[in-house]
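Residue numbers (my numbering): 313 to 467.
Hints are computed from structural coordinates only; laboratory data are not their basis.
Any given hint could turn out to be false.
[What the hints assert, rightly or not] Capping the alpha-carbon separation at 25 Å, the derived lysine to aspartate or glutamate pairs in DMTMM-like fashion look like this:
no., residue 1, residue 2
1, Lys452, Asp358
2, Lys407, Asp456
3, Lys407, Asp358
4, Lys452, Glu405
5, Lys407, Asp455
6, Lys452, Asp404
None of the values given here were measured: they were computed from a predicted structure.
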Amino acid sequence: MKHLIIRSLAIALLGFIPTQVLAVEFAVVGPRAAGMGGAGVAVTTDALATYWNPAGLAFQTGQSVSMTHSQWLPQFNQNDLFYDYLNYKSNDEAKFGGTIAASIVFLNLGEFIYTTESSPNPITTFHSFEYAVTLAYATKLSDDWSFGGSLRYIQ
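Start from the sequences, fold in the hints, and give me the full structure.
Here you go:
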């Protein structure tokens, strides 16, 4: 009972933490979610729950690793537009009291030509990319309820 009260208070306090909402999704992670048009929140039953729904990690057992490489915007035929996703999750009730997970998403935006305002002549080229690192935790509150959360750093 004591653990349930502590977990409930933690959930209530987390509701007061300000969050930022992004207008554009970073990437559609996972083949199942991509095939369903990005609807991965309710159906994630594997390590990809770190990205889509961290609370879903609480009902998983064991350890797993997932890796994804996908061409991003393939209709543009640019081989240097791609994203990679690496994820690890481990469930150990004795050590963690739930499931911990970590993931890295890397989005390569390709090569760009640097010019000046006065001339379209190329000066140099550079590569642009974005990445996100996520740490997640989830625990069962009861047989049917769970709590999960994640911290994500996006660069």
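How the hints compare with the structure:
Restraint check: the Cα-Cα separation between lysine 452 and aspartate 358 comes to about 16 Å, which is no more than 25 Å; the hinted pair holds. Restraint check for lysine 407 and aspartate 456: the C-alpha separation of about 22 Å stays at or below 25 Å, so the hint holds. With a C-alpha separation of about 20 Å, the suggested pair lysine 407 and aspartate 358 falls inside the 25 Å cut-off, and the hint holds. Restraint check: the Cα-Cα separation between lysine 452 and glutamate 405 comes to about 10 Å, which is no more than 25 Å; the hinted pair holds.
Restraint check for lysine 407 and aspartate 455: satisfied, since their Cα atoms lie roughly 19 Å apart, inside the 25 Å limit. Restraint check for lysine 452 and aspartate 404: satisfied, since their Cα atoms lie roughly 12 Å apart, inside the 25 Å limit.
Violation of the numbered hints given earlier is absent; every hint is satisfied by the structure.
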